[in-house]
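With these hints in hand, go ahead and build the complete structure from the sequences.
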Amino acid sequence: MRASRSACVFRGANLPARAPRRCSLLLGALALAGCAANCLRDSDCDDAHVCRHDRCELPGSSASDSGLGNAGEAGAAALGPSTSSGGAAGSASTPNGGAAGSASGAGGSASGAGGSASDAGGSASVTDTASGGSATGGRENLDASGD
Amino acid sequence: MVLVVVCLPATARAQSWVSDVQLGLASGIEGADTGHGVAWQRARLRLIVGLDLGNDETGSEAYGVRSFVELERSLSVGAEVGYVRWVIPELSLFFGGVAVLAPRTLFGGTVAANYVFPLGKRLGLAVFSSFSVLPLGSDRPGSGVVVWGLLGVGIRGRL
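Which chain is which? The protein sequence lines are A and B, in order.
Take 1082 as the starting number for the first sequence in my numbering and just add one per residue.
Take 5 as the starting number for the second sequence in my numbering and just add one per residue.
Derived by calculation from the structure, the hints in this document are not laboratory data.
Quick caveat, the model's predicted, so the values are computed rather than measured.
Incorrect hints may have been included.
[To be verified] Short, incomplete list of chain A residues facing chain B, as computed with Cβ under 8 Å: (1) A1117; (2) A1118; (3) R1133.
For every residue, glycine included, the Cβ atom is placed at its ideal position computed from N, Cα and C.
As structure tokens, this is what we get:
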């Protein structure tokens, strides 16, 4: 998977309206030098992804579930089921430097096994086993930090 | 006998084909509308092999075929077919169609200029530039148009 950078595109329309032509060309050159696109063609991405909105995304997916820089969202989604009764704990980690979320829950007399979520290319999985009792759900206590 | 000899048709001057082969490397800028505005990046380095084929009766015209391989990111293969017109013996212009054929496709048109610095009777150093617009194909970002502006150098030889 190609590393995602912030969207950094050169929009001619954003140039000052009254900028001299020479200035526009200079700005364009600087934009080209420092703000090269992440991808322009589908073949800039790997076989599993397509280029949409300057990012490599899974085909048919929207930007929010592309798996690039959205690890926090994937983690939160994966932690959702851990709101079941019983002690629940979940943690999410991401190798992409995105948001990492952790959740803990305790309650009742039951013990809950933790859940874990990992993000790889936008897919998240969670293993959550819980039993009995009532507890504060993991999602409510989700303390996410990061981007 | 004399009559036969006199009436024999003279050997027509053969129309000879002129063919130039060119091998070059090119890169430049590549642009497209990504949906968030026009974005640019350095165009992939490509290896180009070209053949211009004309005849000496229409000395300033030929038909050209170029095949290219994009060497960066994912390898891709493409070709250009078009009309070649020499403005002066060193400078030719190319007008034609361009396509990336594999692994994904792009189709469009291209205009190129090719200047040759002679290095001998049959050999030359070629400097060329091209501008291509590719509005069709599966390798575009959404429904955007891909644009290439390329500069290249190569070796040109006459067969």
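Going down the list of hints, with the structure as the test:
1. A1117: 4 Å, holds
2. A1118: 4 Å, holds
3. R1133: 6 Å, holds
Of the hints listed earlier, there is not a single one the structure fails to meet.
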